[in-house]
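Asker: Listed in order, the protein sequences are those of chains A and B.
Quick note: the first sequence uses our numbering, first residue 1, plus one each step.
Quick note: the second sequence uses our numbering, first residue 1, plus one each step.
To be clear, the hints were calculated from the coordinates, so they are not data collected in a lab.
Keep in mind it's a predicted model, so treat the numbers as computed, not measured.
Each residue gets a CB set at the ideal place from its N, CA and C atoms; glycine is no exception.
Accuracy of the hints is not assured; some may be wrong.
Stated by the list, open to error - Residues of chain A placed beyond 12 Å of chain B at every Cβ, according to the derived structure:
id: 1; residue: ARG64
id: 2; residue: VAL75
id: 3; residue: SER152
id: 4; residue: PRO212
id: 5; residue: LEU240
As the list claims (entries may be wrong) - Pair by pair, the computed Cβ-Cβ distance ranges are:
id: 6; chain 1: A; residue 1: ALA190; chain 2: B; residue 2: ALA50; range: 48 to 58 Å
id: 7; chain 1: A; residue 1: VAL75; chain 2: B; residue 2: LEU158; range: 44 to 54 Å
id: 8; chain 1: B; residue 1: ALA50; chain 2: A; residue 2: GLU140; range: 43 to 53 Å
id: 9; chain 1: A; residue 1: PRO87; chain 2: B; residue 2: SER148; range: 26 to 36 Å
id: 10; chain 1: B; residue 1: ALA89; chain 2: A; residue 2: ASP67; range: 16 to 26 Å
id: 11; chain 1: B; residue 1: GLU162; chain 2: A; residue 2: ASP74; range: 50 to 60 Å
id: 12; chain 1: B; residue 1: GLN51; chain 2: A; residue 2: ASP65; range: 23 to 33 Å
id: 13; chain 1: A; residue 1: THR149; chain 2: B; residue 2: CYS160; range: 26 to 36 Å
id: 14; chain 1: A; residue 1: VAL75; chain 2: B; residue 2: ALA159; range: 52 to 62 Å
id: 15; chain 1: A; residue 1: GLY220; chain 2: B; residue 2: GLN51; range: 47 to 57 Å
id: 16; chain 1: B; residue 1: GLY118; chain 2: A; residue 2: GLU140; range: 20 to 30 Å
As the list claims (entries may be wrong) - With the Cβ distance kept under 7 Å, some of the chain B side facing chain A (calculated, not the full set):
id: 17; residue: SER91
id: 18; residue: SER144
id: 19; residue: PHE146
id: 20; residue: PRO150
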Amino acid sequence: MHALATHALRLGDDALILGQRLSEWCGHAPALEIDLSLANIALDCVGQATHFLALAGALEGQGRDADRLAFHRDVMDFTNCLLVEQPNGDFAQTIARQFFFAHYQHLLFERMQAVQDERFAAIAAKAVKETAYHAKLAGEWVIRLGDGTEESRARMERGLDWMWRFTGELFAMDEIDSAAIDAGAGVDKAALHPLWDARIGAVLAEAGLAPPAPHRPVLGGRIGRHSEHLGHLISDMQFLQRAYPGATW
Amino acid sequence: MVSAQTWTAGASPARAPAVQELRAILAGVPDPEIPAVSVIDLGIVRAIEAQRVVITPTYTGCPATLAIEQSIRAALDSAGLADVAIETALSPPWSTDWISDEGREKLRAYGIAPPPKGAAAASLKNETQAECPRCGSQNTEEISRFGSTPCKALWRCLACAEPFDRFKCH
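So here's chain A without its partners, still in its complex pose (with noise of 0.2 Å):
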């Protein structure tokens, strides 16, 4: 595949993956408000990898649109991080990983919409905004669960603590980071991540909490070695095509 190409499916993978796993909280999520937000999230979320799939399958040029390459692919060919992919555990597990990639996916929006690529800075143009909502609402429940009680704060503690270990993978440059950088439609993940660690510090510190000791990145995830509960989310959201290949209605 393109370097371009691929490039275009990890955007479009990350918030595939992301979306589907928040859209597990809707009917089931502590309150009614966060219910509406953690669907509305994963509704921009499916919209993102809308339109970065749809530019990946474009730069292929092997007529794959959005739908097949989300709904025909299977787990090894998945090219999204590890953290989106993790079970959303308790509420405060939800929150860790969404406070962790919003503020990734907004740093990186923010420089990718001035990328050279018009078709890359015009999605990221249009995600950016949403994208600084997804991180001031996580940011807050970071706050409050861990300014909360001695239950909310422990949960948070562990959340973030579970989270922490996939965040390194975030930053990770490789060979198709450099090229897409080369071709005007990347961004230099490695330096946004001292942007990332302020912005994060800041809003543990508002919270009450220490940030998780320093872990080794757990890589693969972009090269499509997963851990074991991606395999269990497509499984789910792919049943359909599977059970009734091309079905349409």
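Add chain B to chain A, keeping to what the hints say.
Answerer: Using the frame of chain A, we list chain B on its own:
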């Protein structure tokens, strides 16, 4: 849906409509989620030319995007304008500043607090205070940043105690 072929075969031959006529037709197409306002009021229609209408999605994840395109298609078809193309453009991204003054008044009358004009740029930092669409009080508070649709937040008026939707600055 009626296809272009069926239309031109059965009815009048394809014609080039005036931009004014197209605008009038589109002004009659309601937003599927907030039917009080039209696709023109919301600023969804970006450009109108003789044989081409360019639209833009409001939110990336707006599930109404497809429904909006279909409504516009249906309205054009019923006017005998099946040959007018509908294109989607993402850039520049839609902003609530594109909602017309008329659209803002329609939203308010419908019970939705419209976003203040020129507020979109400031929205990434802090939300401005919403004005209660029922009693006009600014003594209001946000209940939930996400509401019944992606474009709305849930607010409450502390003066008249009524909850209301607020169109998010975007």
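Asker: Run every hint past the structure and note whether it holds.
Answerer: Results for each hint:
With a least CB separation of 20 Å from chain B, A:ARG64 remains clear of the 12 Å interface cut-off, as annotated. The claim that A:VAL75 lies off the interface holds: its Cβ sits roughly 24 Å from the closest Cβ of chain B, which is beyond the 12 Å cut-off. Non-interface status of A:SER152 relative to chain B is upheld: no Cβ of that chain comes within 12 Å, the nearest being about 19 Å off. In this structure A:PRO212 is separated from chain B by more than 12 Å, as the shortest Cβ-Cβ distance comes to about 27 Å.
With a least beta-carbon separation of about 18 Å from chain B, A:LEU240 lies farther than 12 Å from that chain, consistent with its non-interface assignment. Between A:ALA190 and B:ALA50 the beta carbon distance is about 50 Å. The supplied range of 48 to 58 Å therefore holds. The hinted window of 44 to 54 Å between A:VAL75 and B:LEU158 holds, with their beta carbons roughly 51 Å apart. Between B:ALA50 and A:GLU140 the beta carbon distance is about 49 Å. The supplied range of 43 to 53 Å therefore holds.
A hinted range of 26 to 36 Å holds for the C-beta pair A:PRO87 and B:SER148, which are about 28 Å apart. B:ALA89 and A:ASP67 have their C-beta atoms about 22 Å apart, which keeps the hinted 16 to 26 Å range intact. Against the hinted window of 50 to 60 Å, the Cβ-Cβ separation of B:GLU162 and A:ASP74 comes to about 52 Å, which satisfies the hint. Between B:GLN51 and A:ASP65 the Cβ separation comes to about 26 Å, which falls inside the hinted range of 23 to 33 Å.
Checked against the hint of 26 to 36 Å, the C-beta distance between A:THR149 and B:CYS160 comes to roughly 34 Å, which is consistent with it. Taken as a hint, the range 52 to 62 Å holds for the pair A:VAL75 and B:ALA159, whose Cβ atoms sit roughly 55 Å apart. Between A:GLY220 and B:GLN51 the Cβ separation comes to about 50 Å, which falls inside the hinted range of 47 to 57 Å. Taking 20 to 30 Å as the suggested C-beta distance range, the pair B:GLY118 and A:GLU140 conforms, at roughly 26 Å.
Annotation: interface hint on B:SER91 holds; nearest CB of chain A at approximately 4 Å, less than 7 Å. Restraint check, B:SER144 versus chain A: the minimum CB separation of about 4 Å is within 7 Å; hint holds. Nearest Cβ of chain A to the Cβ of B:PHE146: about 4 Å, under the 7 Å cut. The hint holds. For B:PRO150, the interface hint holds, since its Cβ comes within 7 Å of a Cβ in chain A; the closest pair sits about 5 Å apart.
Hint check: no violations occur; every hint is consistent with the structure.
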